Amino acid sequence: SQTIHQWPATLVQPVGSPLSLECTVEGTSNPNLYWYRQAAGRGLQLLFYSVGIGQISSEVPQNLSASRPQDRQFILSSKKLLLSDSGFYLCAWGGPGAETQYFGPGTRLLVL
Amino acid sequence: GQQVMQIPQYQHVQEGEDFTTYCNSSTTLSNIQWYKQRPGGHPVFLIQLVKSGEVKKQKRLTFQFGEAKKNSSLHITATQTTDVGTYFCAGTGTASKLTFGTGTRLQVTL
Chain A
303 SQTIHQWPAT
313 LVQPVGSPLS
323 LECTVEGTSN
333 PNLYWYRQAA
343 GRGLQLLFYS
353 VGIGQISSEV
363 PQNLSASRPQ
373 DRQFILSSKK
383 LLLSDSGFYL
393 CAWGGPGAET
403 QYFGPGTRLL
413 VL
Chain B
4 GQQVMQIPQY
14 QHVQEGEDFT
24 TYCNSSTTLS
34 NIQWYKQRPG
44 GHPVFLIQLV
54 KSGEVKKQKR
64 LTFQFGEAKK
74 NSSLHITATQ
84 TTDVGTYFCA
94 GTGTASKLTF
104 GTGTRLQVTL
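Protein sequence lines correspond, in order, to chains A and B.
The first sequence: position 83 = 385 (this note's numbering), numbered continuously.
The second sequence: position 22 = 25 (this note's numbering), numbered continuously.
Isolated chain A, as found in the complex (with noise of 0.2 Å):
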């Protein structure tokens, strides 16, 4: 069966400060990832998609940025962090089109 794995789990950075946010999926091959960012009580912003390796739409201009180095990983990176970047940073995975999405277990980020 399918998992995704994230890591961390909750984060507290400093203004300023790099990130870097893991995400693995295992059990499937050539899935569509998809980074979401989730501020407080509030809905699911996507940020970035990937439909391959090298491979990345990024929905929202801002100070983050995502890569793909393998089938099934994705980084979501930022070199300096700002006190807007705070939030539930969620990755998924999808087969092929818009199926449906499986989430990890988020990162919860908190910057001060």
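Read the hints as simulated data drawn from the structure, not as lab findings.
Derived pair list, reagent style EDC-like, types lysine to aspartate or glutamate, alpha-carbon separation capped at 20 Å:
hint	chain 1	residue 1	chain 2	residue 2
1	B	59	A	401
2	B	73	A	401
3	A	381	A	324
4	B	100	A	361
5	B	60	B	20
6	B	59	B	21
7	B	39	A	401
8	B	54	B	70
9	B	73	B	57
10	B	54	A	401
11	B	39	B	18
12	B	62	B	21
13	B	100	A	401
Covered by chain B, according to a simulated footprint, are these stretches of chain A (three or more residues, beta-carbon under 8 Å):
hint	region
14	341–347
15	402–412
No experiment lies behind these values; they were computed from the predicted model shown.
All C-beta atoms in this analysis are idealised placements derived from N, C-alpha and C, irrespective of residue type, glycine included.
Start from chain A and add chain B according to the hints.
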């Protein structure tokens, strides 16, 4: 671009009361999905509807896809405290992209 709105944003009910959340898309959808996110958790897929006018049931939950395939609803009969959470619809539009709705947060008290 495609927009998917849900109403209400928040609803507080007494246990045993019914609850309905409505999902409306700015464009025609090829399918609609529903997800539930428990407090502190991540969204979990509940169901997918594909056909115009389709109705599906999961125990006390009834999902409906509108005839014009631009709206959907989730109805919970006799809510329980385990129903607490945020319910998201997500629709696939012409760009074959899944767009999540704004979500409805349900609070149930005894």
